[in-house]
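Sequence order for the protein chains is A and B.
For the first sequence, the numbering used here assigns the number 1 to the initial residue and increments by one for each residue that follows.
For the second sequence, the numbering used here assigns the number 1001 to the initial residue and increments by one for each residue that follows.
Worth flagging that the hints you see were computed from the coordinates, not collected in a lab.
Keep in mind that this is a model prediction, so the values were computed, not measured.
Idealized CB from N, CA, C, for every residue including glycine.
It is possible that part of the hints are untrue.
Said to hold, decoys possible - To give an idea of the interface, some chain A residues facing chain B are shown, with a C-beta separation under 8 Å as derived from the structure:
1. 4
2. 5
3. 7
4. 9
5. 11
6. 13
7. 15
8. 17
9. 18
10. 24
11. 26
12. 34
13. 38
14. 39
15. 224
16. 300
What the hints assert, rightly or not - List of simulated lysine to any residue pairs, SDA-like, C-alpha gap at most 20 Å:
17. 39/A / 1017/B
18. 137/A / 1023/B
19. 39/A / 1059/B
20. 109/A / 1051/B
21. 39/A / 1007/B
22. 39/A / 1027/B
23. 39/A / 1026/B
24. 109/A / 25/A
25. 1007/B / 28/A
26. 39/A / 1014/B
27. 98/A / 1007/B
28. 39/A / 1065/B
29. 39/A / 1023/B
30. 39/A / 1063/B
Unchecked claim - Just a sample of chain A residues kept apart from chain B, beta carbon distances all over 12 Å, derived:
31. 98
32. 170
33. 217
34. 418
35. 460
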Amino acid sequence: MTMSVELELLSRYINERSADAGQLDRARSVLDEAIFLEKEQRSPSELEAERGHRGRGTSKVRRNGLIAAAVAVAAAAALILPALSMSKSHAPMTTVDKITQLADVVQPKPALAPGQWSSLQLTGELLASVGSVGSTKTPDAQASLPVTIAVWSNTTGTTCTSQQFGTATFASPVNAQAWASIGLIATPFGQPATGCVAGFQASVGGGSAMTPISVTHLTHRPTVLAQELQLGNTGVASVDQMGTPEVGNSSQPEAEAVRHRMAFARLAVLIVGPTGGAWSGYNREMLRTMALLPGVESLGRMTAHSGRSGLGFTSGTVASLDPKTGDAKAVFPSPVVLLDPATGALLEARNFSIPVLASAAQDFVGSPAAAVYTQGVSYGVSTQWIDPVSSPPVVEQSALPGWISEFHSIEVVGRPDVDGQALADVINPYLGSGNSAFDGWNSPTPSQTTFEITITNPTTSVSTIVAALNASGLCQSVVVKA
Amino acid sequence: MGDHESKGRSDAELIRQSLADPERFAPIFDRHAAPVHRYLTVRVGAGPAEELVGETFVTAFRSRSSFDLDRSDARPWLFGIATNVARHHWRAEMRRADRDRRLAESVVAEADVSDVATDTAHFESQREDISRALSRIDGPFLEVLLLVAGPGFSYEEVSEALHIPIGTVRSRLARARSQLRELLGMPGQYLEGASLEEVPALPEEG
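Please model the complete structure; the sequences and the hints are all you need to start from.
Put into structure tokens, the structure is as follows:
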């Protein structure tokens, strides 16, 4: 058909409406889910036939992933057997439907205006277990540690945290005695621990607080993330390197069950956070990923420690066999995630390792002379439960704690061909090591870079740093933003 | 299936294979998602289009057993689904507008919320001549116009996509073009090439 002028104009107008990659990625992920779900519903014989048709490539990838996961082993169980509940290879449709529905209603991450911060508060209880000090086994040295965590994040990728442990509690006097005998104390020192992470590159600021999990480079596609969680190759080191049960000589189905369980545990960490660099649709995509994970089970209605009622999901339990007695014992309690049935919001998470709190027990070391300090120690920290606390999701700068005011953001437009290192050389004399981070983008010309410089705890005033930048001759403009 | 595996295979062949192996459907998305997205962006606006592209392809995937495998090109089928998805979106928007109208009669009295106005409301926010013109063309005519100007469909392909007779395609297109020219301030008789003989308005069929 020959086009007339008006059709030519219209054709050009339509073809200018090109989608960005992210938009089509999200649409593609919706289709991927539909494809995945249909495959999940097909009969085992059909799936087997398909596997045969597709050759060995996929299984080779899976094997490599399993080997990689095994290398990261932290636990030392000799033989792992999946419990009965893990015999199912994937979640029943009803569970998938429930999670998918929750994903559809979950609220997006709040959009922040300049000067605004997103706010998150968590309260929970950790279980710290010291397995040995030096060559001495200390199986009774266990304590419950109450913790409150607050996290604030802004639009430039700055995340500040405050974590405060309460007094340790013990299940029995034996535990209390064992705890004290190795030099640990019940009331932690130096609380709260605070600090900021500046920029998405996550260099740690002052204080000894946790470092949030940077999810900036996490895939936005649930189908891809579901695979990566199973293989432990999401690119988020603290998540990928979570302790994986030793699969030993277990059969392939058992090894797969362990992998499914680990995928769910990793996802629980991404859901709970605290995370830095999460995007608007992050919550929805995490739940869509959960719907795609094999082995996820619904636990029905459960009550969180806050008293709120939610829908519980888990991935089953993995048990180990004692190689000498043959007795089965559960050593890897499965994570449980409780979600608000109306909003899809996280109400509580239980029984999982939270990497950012792995060093929590160090705040309970009584003195540098304590046995746990001077001798080798093996210990683990797991989260018994952790709840988000209701709080305003967005706060203004004025509502932040005073210590965050030690954090500053400066926008610098460099002269042509000036790089971040040159600017770092200018400001480093005024900062401690690791107390600055750079985020840059080409603007206003291709040869120029605009830098977002975030600094924490400067040893001199910000105006002095600004003066140094201006005097360097490297900058076209310098503006203090926060 | 990687690009190299799907290359050279017709849409129909991929869809046929996807009946046994669902993943074979993915290249259909890779081939056609961009033009479908452009069509939906003009039809419903950029925000909803993103979601409706996903809905279009999921609907296509779930109903692929009904695809006529004798037709090698899946585009008319996909754009037909996209058109239905867009219509459904507008119906929902109209219901919402109607609900809002009942809640705020006084406001509605000042702002025109007729179906046509609601149907084209998104275009009003785009301050370009063409989008303003498109906002004044009724849905059934606009659909034909966009399918011809966007993916470059023939009358037969538009007919197949919208399930309307070819004569109806011709008459709707003629009227839509005439409206568009008028709204763009073009001379009324400014036509050229093969389009000329399609202009005489035919009675609506079907």
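Consistency of the hints with the structure:
{"no.": "1", "hint": "4", "result": "holds (5 Å)"}
{"no.": "2", "hint": "5", "result": "holds (7 Å)"}
{"no.": "3", "hint": "7", "result": "holds (5 Å)"}
{"no.": "4", "hint": "9", "result": "holds (6 Å)"}
{"no.": "5", "hint": "11", "result": "holds (4 Å)"}
{"no.": "6", "hint": "13", "result": "holds (5 Å)"}
{"no.": "7", "hint": "15", "result": "holds (6 Å)"}
{"no.": "8", "hint": "17", "result": "holds (4 Å)"}
{"no.": "9", "hint": "18", "result": "holds (7 Å)"}
{"no.": "10", "hint": "24", "result": "holds (5 Å)"}
{"no.": "11", "hint": "26", "result": "holds (6 Å)"}
{"no.": "12", "hint": "34", "result": "holds (5 Å)"}
{"no.": "13", "hint": "38", "result": "holds (5 Å)"}
{"no.": "14", "hint": "39", "result": "holds (5 Å)"}
{"no.": "15", "hint": "224", "result": "violated (12 Å)"}
{"no.": "16", "hint": "300", "result": "violated (29 Å)"}
{"no.": "17", "hint": "39/A / 1017/B", "result": "holds (14 Å)"}
{"no.": "18", "hint": "137/A / 1023/B", "result": "violated (52 Å)"}
{"no.": "19", "hint": "39/A / 1059/B", "result": "holds (16 Å)"}
{"no.": "20", "hint": "109/A / 1051/B", "result": "holds (18 Å)"}
{"no.": "21", "hint": "39/A / 1007/B", "result": "violated (23 Å)"}
{"no.": "22", "hint": "39/A / 1027/B", "result": "holds (17 Å)"}
{"no.": "23", "hint": "39/A / 1026/B", "result": "holds (13 Å)"}
{"no.": "24", "hint": "109/A / 25/A", "result": "holds (19 Å)"}
{"no.": "25", "hint": "1007/B / 28/A", "result": "holds (19 Å)"}
{"no.": "26", "hint": "39/A / 1014/B", "result": "holds (17 Å)"}
{"no.": "27", "hint": "98/A / 1007/B", "result": "violated (38 Å)"}
{"no.": "28", "hint": "39/A / 1065/B", "result": "holds (15 Å)"}
{"no.": "29", "hint": "39/A / 1023/B", "result": "holds (9 Å)"}
{"no.": "30", "hint": "39/A / 1063/B", "result": "holds (15 Å)"}
{"no.": "31", "hint": "98", "result": "holds (19 Å)"}
{"no.": "32", "hint": "170", "result": "holds (52 Å)"}
{"no.": "33", "hint": "217", "result": "holds (22 Å)"}
{"no.": "34", "hint": "418", "result": "holds (36 Å)"}
{"no.": "35", "hint": "460", "result": "holds (47 Å)"}
The structure shown violates the earlier hints numbered 15, 16, 18, 21 and 27.
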